[in-house]
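2 protein chains.
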Amino acid sequence: MEPADLGHHISRRFNEDLEKLRSRVLQMGGFVEQQLERAVTALVEGDSRLGEQVALADHEVNQMEVSIDEECGRIIAMRQPTASDLRVVVGIIKTITDLERIGDEIEKVAMIASRLAGSDAGNDNYREVRHLAKLVTEMLHDALHAFARLDSQEALAVARRDRAVDDEYEAIQRQNITLMMENPRNIRRALDVMWIVRALERVGDHAKNICEYIVFVVHGKDIRHLSLDDAEKQIRGTATERQG
Amino acid sequence: MEPADLGHHISRRFNEDLEKLRSRVLQMGGFVEQQLERAVTALVEGDSRLGEQVALADHEVNQMEVSIDEECGRIIAMRQPTASDLRVVVGIIKTITDLERIGDEIEKVAMIASRLAGSDAGNDNYREVRHLAKLVTEMLHDALHAFARLDSQEALAVARRDRAVDDEYEAIQRQNITLMMENPRNIRRALDVMWIVRALERVGDHAKNICEYIVFVVHGKDIRHLSLDDAEKQIRGTATERQG
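Going down the list, the sequences are from chains V and W.
Per this note's numbering, residue 23 is the first one in the first sequence, and the count goes up by one each step.
Per this note's numbering, residue 23 is the first one in the second sequence, and the count goes up by one each step.
Keep in mind that the hints were calculated from the coordinates and are not lab data.
Model, not experiment: these values are computed from the prediction.
Glycine included, each C-beta is placed from N, C-alpha and C at the ideal position.
Hints may contain errors.
Here are the simulated DSSO-like cross-link-like pairs (lysine-lysine), alpha carbons at most 30 Å apart as the crow flies [as the list claims (entries may be wrong)]:
| no. | chain 1 | residue 1 | chain 2 | residue 2 |
| --- | --- | --- | --- | --- |
| 1 | W | K243 | V | K156 |
| 2 | W | K130 | V | K42 |
| 3 | W | K255 | V | K243 |
Here are the computed distance ranges between Cβ atoms for each label pair [claimed, not checked]:
| no. | chain 1 | residue 1 | chain 2 | residue 2 | range |
| --- | --- | --- | --- | --- | --- |
| 4 | V | R71 | W | R185 | 44 to 54 Å |
| 5 | W | W217 | V | R185 | 18 to 28 Å |
| 6 | V | V88 | W | E93 | 39 to 49 Å |
| 7 | V | E59 | W | S106 | 22 to 32 Å |
| 8 | V | Q85 | W | S45 | 34 to 44 Å |
| 9 | W | D251 | V | V88 | 16 to 26 Å |
| 10 | V | H153 | W | W217 | 14 to 24 Å |
| 11 | V | Q85 | W | K255 | 16 to 26 Å |
| 12 | V | M100 | W | R185 | 55 to 65 Å |
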């Protein structure tokens with residue numbers, strides 16, 4: 023076999039490995055999305071058992087992370103990828119860390135939901151929580167979509183939406199502080215809502231991180247600590263260099 | 023040059039790269055430790071300007087992370103390390119992510135400290151915060167010490183201390199809820215303390231993560247989702263296999 027053939031062969035194997043890896047990440051992402059939706063349902067419908075189920079299922083998310091992480095290590099060692107191939111694998115290692123941490127935030131929501139359902143909190147429908155949950159669920163979904171297509175434009179657009187999540191989060195926090203001040207009997211409920219929306223806001227942060235890894239994989243630029251406007255300029259720069 | 027010499031040469035170069043990398047991580051860790059101590063000083067001494075300085079300096083932590091991350095990518099691509107060598111580099115990539123997130127938590131503490139110093143909070147010496155801060159500062163310091171020596175026994179011992187941090191954190195939260203219930207005028211101060219101790223508790227979590235990466239680097243075992251007792255058993259298993 024000629025060296026070029028061998029190279030081709032390795033690269034085909036690597037591409038197959040990578041396809042499997044990516045589909046496993048998407049599977050993990052899909053499971054995390056489902057967990058998020060179920061945790062919010064448990065809260066809104068006061069379903070204590072569902073809350074418990076979601077919290078217990080977090081260990082599956084953890085196992086997926088450990089297993090994909092090991093697979094990434096195996097692929098780096100076996101195929102010794104360089105440049106953009108290596109970036110894909112490193113990008114995946116980082117993405118699953120964030121998915122796992124999203125899982126942890128969801129677990130917190132689910133546990134509070136389960137506890138609240140068992141208390142006398144009654145028919146509170148948590149309107150404000152539902153609205154924020156909708157924003158972050160969509161953000162996570164679209165971040166995973168951008169990941170699946172390695173679409174850095176979509177990734178940047180999704181990352182921008184974290185601002186709206188932060189604004190909504192701040193508004194809910196302020197509202198809850200007011201409620202607490204008005205009547206001490208509101209304190210417990212307000213605190214629970216504050217912890218829940220805090221967890222949801224963190225989910226938005228992690229979804230944004232995933233978007234930034236996508237840009238890193240596609241363009242080789244680390245944009246994590248740039249403003250999104252500067253990031254967009256840097257990416258245009260890469261695109262121009264490539265055309266030039 | 024004989025192939026064995028070449029291998030030796032590559033390995034010597036790799037070891038040099040690795041030494042530089044490790045000392046840069048320790049430098050980053052030392053800077054983060056200093057940031058933590060200064061943030062707590064800003065809070066306790068009501069030093070608004072120091073709080074601002076600490077918050078502003080977080081961008082240095084971010085830059086260190088990006089730069090070390092790039093260096094790790096370069097080393098994987100150039101030296102193509104395998105097995106335990108690769109684990110060291112992957113362990114470093116993960117460690118600096120946690121150090122960067124510790125930086126983010128400290129930034130939050132510094133910003134709240136700066137705001138409180140400017141308000142009429144007066145001569146509050148935040149006894150409970152200082153105690154928790156001492157626990158997590160020591161945990162972070164010792165985690166970095168274990169990292170420097172790649173000492174997995176010390177790493178496990180440090181990881182165990184996260185339990186005490188969590189207990190202390192829970193106690194402070196309960197105390198603050200009581201204070202809020204007693205008098206609505208306590209609400210703002212209690213909430214600020216709650217966010218600060220939350221951030222400190224997260225620092226403890228990240229320090230624990232770093233300890234778990236050390237075990238992964240040394241033994242090739244991912245113990246993140248095991249109990250620490252099970253982790254210890256697994257590590258003993260590796261040690262026995264090696265002796266056998």
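Right, here's what the structure says about each hint:
1. Proximity of K243(W) to K156(V) is assessed by CA-CA distance (about 38 Å); at most 30 Å being required, the pair is judged violated.
2. Only pairs whose Cα atoms come within 30 Å are accepted, and K130(W) paired with K42(V) is rejected, the gap being roughly 39 Å.
3. Of the supplied pair hints, the one linking K255(W) and K243(V) is violated, its CA atoms being roughly 41 Å apart against a limit of 30 Å.
4. Between R71(V) and R185(W) the Cβ separation comes to about 29 Å, which falls outside the hinted range of 44 to 54 Å.
5. Separated by about 21 Å at the C-beta atoms, W217(W) and R185(V) satisfy the suggested range of 18 to 28 Å.
6. Checked against the hint of 39 to 49 Å, the pair V88(V) and E93(W) fails, with Cβ atoms roughly 26 Å apart.
7. Restraint check, E59(V) to S106(W): a C-beta distance of roughly 41 Å breaks the suggested window 22 to 32 Å.
8. For Q85(V) and S45(W), the Cβ-Cβ distance of about 35 Å falls inside the hinted range of 34 to 44 Å, so the restraint holds.
9. Hint check: D251(W) to V88(V), Cβ distance near 18 Å, so the stated range 16 to 26 Å holds.
10. Between H153(V) and W217(W) the beta carbons are some 22 Å apart, a value that agrees with the proposed interval 14 to 24 Å.
11. In this structure the hint that Q85(V) and K255(W) lie 16 to 26 Å apart at CB holds, the actual value being about 19 Å.
12. For the pair M100(V) and R185(W), the supplied restraint of 55 to 65 Å is violated, since their beta-carbon distance comes to about 38 Å.
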